[in-house]
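Residue numbers (full-length UniProt numbering), protein chains in the order written: chain A, 1 to 666; chain B, 1 to 242.
Derived by calculation from the structure, the hints in this document are not laboratory data.
Every residue, glycine too, gets a C-beta built ideally from N, C-alpha and C.
Careful, some of the hints might be misleading.
Result set (EDC-like, lysine to aspartate or glutamate): computed pairs, CA atoms no more than 16 angstroms apart in a straight line [to be verified]: (1) B:K239 / B:D101; (2) A:K452 / B:E110; (3) A:K67 / A:D98; (4) A:K452 / B:E18; (5) A:K452 / B:E138.
According to the in silico footprint, chain B covers these stretches of chain A (three or more CB under 8 angstroms from chain B) [stated by the list, open to error]: (6) 83-90; (7) 160-168; (8) 438-446; (9) 475-482.
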Amino acid sequence: MLFLPQRVSLKLKMFGGTMAVVLLVSAVIAILARWILVTSLNRELEQRGVAIGQSIAERASGFILDKDRPNLVSLVFDAAQLGERKVLVSYIFISDNDGRILANTFIRPFPADLRGINPLPENKDYSIDLVDFDQSQAIDIAVPVREGIYTLGAVHVGLSKSHIDSLVGKLRTTFLGFITAVTVVMFLIVLRLSNAVARPLSRLTQAADAISRGSLDAPEAMLGLSDDAIKHCQAYADTDLPCWHFDQNRGEGEPTSQAASRTCRECRFYRKEGGGDEVAQLAESFSNMIWSIRLYRRRLRESEEKYRSLFDSNPDPVFVVEAATGRILDANSQAEAVYGYGRKELVGRDLAELEPDADGGVAAYLADRDAPERVLFPKLRHVRKDGEPLYVNVHACRIAYRARDAVIVSATDITELVEKDAQLIQASKMKTLGEMSAGIAHELNQPLNAIKMGSDYLKMVAETGGLPSPDALAAVTGQVSEQVDRAAAIIGHLRDFGRKSEPKLEYVDINEPIKGVFTIIGHELALQGIEVVLRLAASAPIKAHANRLEQVFFNLVVNARDAMTDKACQSERPRRLTIVSASAAGRVTVAVADTGCGIPEAARRKIFEPFFTTKQTGQGMGLGLAITYGIVKDYGGEIEMESAPDRGSVFRLTFPAARDKSERSP
Amino acid sequence: MRTILVIDDERPTLQMFELYLGAYGYKTLTAASGEEGLAVFDAQTPPIVLTDIKMPGIDGLQVLEAIKARRPETEVIVITGHGDTDLALAALGLRATDFIDKPIRRETLEAALGRANGRLDMAEAAGSGGDVAAACEETVGVIHIRGSLCGESEPYLTKAFRELDDAVGVLFDFTPNASINGAGLDVLASVAETCRASGRPAAVYGLAENFVRILDRLGITDKAPRFTDRGEALAYLAKTTS
């Protein structure tokens, strides 16, 4: 097999191999048989010659002793002519110990060549030798004639060599003929057998090739499948119908037991009797396989169509993004509508182009291999083709897409929601501003008053025609300037507070909005006898909006104030508002504690609900804490409350500290 | 000149007051809180006190009450935040001489100080009681009010009113340094109502701007319009009746 290249066909291998073995076996048998047959034939004939010689020697001893030559002659003739011996036996003669011929069967003069041939050794029963005489050959068998312990002479029987040769020749011819016949028969059988194996195999190969090329109809013709069976199989016609025999892996979780599934009384598809030899069975299995492939292709196409329609009819934009490059592989029609790009423009585009502030959005998720399978990014800012921003909640989910690592990005447009939210917060801020107005008026009046008096003083001095003393002038101008700054600071602070927050988060030192609250309301608290204790130790910034945080603290401080000045629960407790900020372990915490009358147990669970208020009708809308809660949650923070009737309430706010401020802060 | 005590929790304001009042020639004492103000008052007994109402700790009204309790003749002018008429009313109820709004305008301050000085001068010159006097000018009855119209003025006012029974209208003629307090306001309101009920028009002349706001607020000016010109007032009363 070493020299047989692989591309030699199976047919040739089978045929050639089998034939070579047959021929080899035939040759060996021929050689062996010839050797065995020829040897045994020769021996048999020689034994026969010895037997003839011995029977003659038995009877000849008496005649030799009597010297009865005529009987002796008749004896050898009788022996030579007996039956078929005449063909076999070429001659017989008897010689005495001295080599004289006593009798022979030659009817012509005794050939001289035979004198003294094949001498008989001492003490041997016979001797065999090939001799030539009269241009012919014979096998001479010498047998001693004995009488008692004396040897009287020897009988020589000459077996005809040509007769023996013709016998051997006949045997050989017969045998060779037989071997040849066997070989021819084997040749035919092997040829047929190899054809029977190789032809279906090559047909299966062709069919498999056709399937690989995508054609499922051609192999059917090639393999001679009947269309009939398929049409009658209900499971084929209805892909939802389970065929237990076939579909053992469909419907995860569904019981696929034979009993639960429907079976046909007679399966038209699977022939129960097996349908022939192994090759035929193989062909049948192959055709079943094609059937199965067709079925699953159809199911796959249906499934693909189903999911394609889900993909396309999704009300949210959906993208398939390659994880390695961040490029969009596919997008649905809603994505075109929302983002303003055509599908062709979207495919191949970098997702980062839709997501300009990509610090922690999908882009980061793509890069992070350890990220969970499915994540939600709330309120991401994306841009449309025309540059308009939109706000989206993004669900990202890892999948394998055409053998690539990909991420399905589903973006829910929440622009309107975000805008409404901002409007609500803005509205509540305006309300807060309204609540602050008394405090603001007071705060603004103080510097204005000082300025007014200073300038009036200067005017008065001017009217009298004099000049103010240098000290007075310095005092007045110094105060005017200082008080203008003070007023300007208050106005600036108000403007910042009232400003609509940009949707983009900024880095905020949480102590600033806390201090901001007291620039407006601090004096009022002092007038109401509330002691304010600020311990602002937080050092880490958070990502938020300063003015919304100020609103949060304003709400909490106003609530604390109201709790401490509530006429309904006056007590002799000192009025103290304590605000403590701290940062540790990546969190920034603020606690706002008052010594008010606390929140009743029953109300505690509801305080963050919208429109829930413990204040009298007309005093509060019940939106302050609800909006506070919403704002805190927006920044990833937590708010919790503790309250005891005798000790007042504590609101604890926790925010995640912003990371890598050094890189990004302006 | 008299000594004035200024109580305000705003240091810049105090500083300005000091310069300002100094320019007028007053001796000025300052205090940054109600407690400090009362201590200074006890030590120096200034005849005029200016106090802010909104202050941490003891507020202006408490200061006013304490000072009036210690020395009722002290002229106390309260300083209110802009537009706090409730507080102004409360202060007048506690017999404050006057009130001024923040930011303090020069004219208002001058007028208030002028009134306070006038009253002090008057009190020094003569005893009290003759604050209300009735007279007839042609057909119109005129009630002159000097000094302060307060709860104690009621009998005088009623007496004066009786004298004017046959007048067709009544003019309440306040002198420039006249003042009015909470009780006085009530008296004025009831008298104006009586006038109206008896079918005689009433009018007010000469009351400082500050008090007019309060009159407006209490609805007195609806019943008795206020005039800045005396002749106009008389003409109004005469015309309405004829």
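*Please flag the earlier hints that this structure goes against, numbers listed from lowest up.*
Hint check: 1, 5, 6, 7 fail, others pass.
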